[in-house]
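Trainee: As a plain string of letters, each chain reads:
There are 2 protein chains.
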Amino acid sequence: MTILASGRGPLSKQPNKSPSNHAAANPPDILKQIPLFNFLRGQDRLAMLRELTEARYGKGECIFREGEPTEYFHILKEGAVKCVKSSAGGKECTLKVLMPGDLFCCEAAVFDGACHPGTAQPMGDVSILRMSKKAYFEMLKRNPDAAIEVIKYLGNRLNEVQEKAKILALDRADQRLASLLVDLVERSGVKDPQGIRLTVRLTRQDMANMVGVTTETAIRIMARFNRERLVSGTASRLIIKNLSGLKQLASA
Amino acid sequence: MTILASGRGPLSKQPNKSPSNHAAANPPDILKQIPLFNFLRGQDRLAMLRELTEARYGKGECIFREGEPTEYFHILKEGAVKCVKSSAGGKECTLKVLMPGDLFCCEAAVFDGACHPGTAQPMGDVSILRMSKKAYFEMLKRNPDAAIEVIKYLGNRLNEVQEKAKILALDRADQRLASLLVDLVERSGVKDPQGIRLTVRLTRQDMANMVGVTTETAIRIMARFNRERLVSGTASRLIIKNLSGLKQLASA
DNA sequence: ACCAAAACATGATAAATGTCATAGTTTCAA
DNA sequence: TTGAAACTATGACATTTATCATGTTTTGGT
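For the record, the sequence lines run as chains A and B.
Its first residue numbered 29, the first sequence is counted upward by one per residue in the working numbering.
Its first residue numbered 29, the second sequence is counted upward by one per residue in the working numbering.
It should be emphasised that the hints constitute simulated quantities derived from the structure, not laboratory data.
Among the hints, erroneous ones may be present.
One copy or two, either will do: identical chains are not told apart, so a pair holds if it fits within one copy or between any two.
[Stated by the list, open to error] SDA-like mimics (lysine to any residue), calculated; alpha carbons at most 25 Å apart, straight line:
{"no.": "1", "residue 1": "LYS60", "residue 2": "GLU244"}
{"no.": "2", "residue 1": "LYS60", "residue 2": "THR245"}
{"no.": "3", "residue 1": "LYS275", "residue 2": "HIS144"}
{"no.": "4", "residue 1": "LYS161", "residue 2": "ALA116"}
{"no.": "5", "residue 1": "LYS124", "residue 2": "ALA278"}
{"no.": "6", "residue 1": "LYS119", "residue 2": "SER279"}
{"no.": "7", "residue 1": "LYS169", "residue 2": "ALA278"}
{"no.": "8", "residue 1": "LYS60", "residue 2": "GLN233"}
{"no.": "9", "residue 1": "LYS269", "residue 2": "GLY88"}
{"no.": "10", "residue 1": "LYS269", "residue 2": "ALA116"}
{"no.": "11", "residue 1": "LYS275", "residue 2": "ARG93"}
{"no.": "12", "residue 1": "LYS180", "residue 2": "ARG73"}
{"no.": "13", "residue 1": "LYS269", "residue 2": "ARG93"}
{"no.": "14", "residue 1": "LYS60", "residue 2": "ILE224"}
{"no.": "15", "residue 1": "LYS219", "residue 2": "ALA251"}
{"no.": "16", "residue 1": "LYS162", "residue 2": "ALA116"}
{"no.": "17", "residue 1": "LYS87", "residue 2": "ARG225"}
{"no.": "18", "residue 1": "LYS275", "residue 2": "GLY118"}
{"no.": "19", "residue 1": "LYS180", "residue 2": "GLN233"}
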């Protein structure tokens, strides 16, 4: 159920280092997909549109860094964003890939003086909508239905991470990788003559960071999956050829 | 910051197999500690007291099982409860130990037809307060401040699990175990002549399930910690003798 | 079209952890 | 108090995964 197939035109890599902000005039399509927005009462919906600001980032930039104070509530409009945490030893772990329609900082943004628990890195050119903590907080206070939608969203996120923690705790490296691929098919898979293609560009290193193994291990396992005709291709053109085979391995 | 030192009298193990329910008459002390409750308006506070039901469970019972439909919103009043997920191969993983004052199912309970993503097992005699999904939902709708408190609670839980996932993904077994012990000190540690004692009863198997290793590995690592004077004792009397040593190991 | 950087690949070896077997010790309820 | 069950302990060995080293292929910007 892909909300938006991250269809970016040839945006080229302009030096838009400092995010180019401009107020969103009319409801962008993406908002119409978001319950949180749809549950707002008429006047508050208009208020939210006034408060939302659009910003664009390119690969290599950061939307925010781990430890920085939270300033905004965010909605991902276009592209993919990875949530990364790093450990003392410099190793990194990617906890989640956000797709268009995903909310972020919906929790941290309600705390005074909260800091970002992780870094948000664009995986290509992305566009986000955001509003100040204050405006977000006011909106929730005036719209219990919206607050309940946020609770639902957070609840889903919580269940996702718990499932992920379970997999990290109990499964072997190849099973974790299989689980990841199965998961990504649902989030960013599109039909392809040879199977299902993932629209997110994922290197073996990206995958390694998502399942807690070294890059070499991810490469070796992917090579095996390739031999076993479960997948084919690399980063920019990754095809899932045997989804049920992967599912079976994931839960073996 | 221990909310309540799980002080249970000699409750003995009466055959209270089917939870003995009875309406909570006056605000139990534990509720006064919970922001969610304190943010309710007067009349809604009374309504919540009317809706809340107390139930007791003993070790070996289940409060609910993975996959069962959700019926209630819960507050832990007394004792400790572990949240467990199990995998296809029969292996189990303990995601979280709930302590008095913790909420559970605050997220699932807002969905129609949701199922429990894990099993809730008492770690001894416990007492919980609960209310029907419907009453909980109504309460949130009428009290935006309460809903915001739930958002904060879920946000904290989300950050916790993400931190845990990071540790599972990046750290060695001994570091994961050290992190666990450090964490538990904050949740259930009390002063002791020899250091800090954990009030929760934790076997090596419990610990193993919490950090994703086998029981043997947990035993060996704890034996090493013992030799290194970091900890002493077992399950029912576990003492942390060198907290900063454990912290150092956890983030090495 | 070309060059540099990134990504992919593979082998040899070491380290970490799991598995299986066996036995001593503690806990708890009858 | 005693006996069974649960817990702790330890060794030998197998398996999984990390580490290090080296080389090839692909990608992307000029």
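Trainee: Is it within, between, both or neither when you check LYS60 against GLU244 at 25 Å Cα-Cα?
Mentor: neither (42 Å within a copy, 53 Å between copies)
Trainee: At most 25 Å between alpha carbons: which applies to LYS60 and GLN233, within, between, both or neither?
Mentor: Neither: 35 Å inside a chain and 49 Å across chains, both beyond 25 Å.
Trainee: Using 25 Å as the alpha carbon limit, work out where LYS169 and ALA278 are close: within a copy, between copies, both or neither.
Mentor: Intra 42 Å, inter 40 Å, cutoff 25 Å: neither.
Trainee: How do LYS162 and ALA116 come out at 25 Å by Cα distance, when the copy is not named: within, between, both, or neither?
Mentor: neither (33 Å within a copy, 45 Å between copies)
Trainee: Reference check for the pair LYS219 and ALA251, CA-CA at most 25 Å: within, between, both, or neither?
Mentor: within (22 Å within a copy, 53 Å between copies)
Trainee: Checking LYS161 and ALA116: alpha-carbon separation at most 25 Å within a copy, between copies, both or neither?
Mentor: neither (30 Å within a copy, 42 Å between copies)
Trainee: 25 Å Cα cut-off: does LYS180 pair with GLN233 within a copy, between copies, both or neither?
Mentor: Answer is neither: 32 Å inside a copy and 33 Å across each miss the 25 Å cutoff.
Trainee: Cα distance capped at 25 Å. Does LYS60 pair with ILE224 within a copy, between copies, both, or neither?
Mentor: neither (27 Å within a copy, 53 Å between copies)
Trainee: When Cα atoms must be at most 25 Å apart, do LYS124 and ALA278 count as within-copy, between-copy, both, or neither?
Mentor: Answer is both: 18 Å inside a copy and 23 Å across each meet the 25 Å cutoff.
Trainee: For LYS119 vs SER279, is the C-alpha pair at or below 25 Å within one copy, between two copies, both, or neither?
Mentor: between (28 Å within a copy, 12 Å between copies)
Trainee: Checking LYS269 and ALA116: alpha-carbon separation at most 25 Å within a copy, between copies, both or neither?
Mentor: between (38 Å within a copy, 24 Å between copies)
Trainee: Given identical chains, is LYS180 near ARG73, meaning Cα to Cα at most 25 Å, within a copy, between copies, both, or neither?
Mentor: both (19 Å within a copy, 23 Å between copies)
In summary, the numbered hints that this structure violates are 1, 2, 4, 7, 8, 9, 13, 14, 16, 19.
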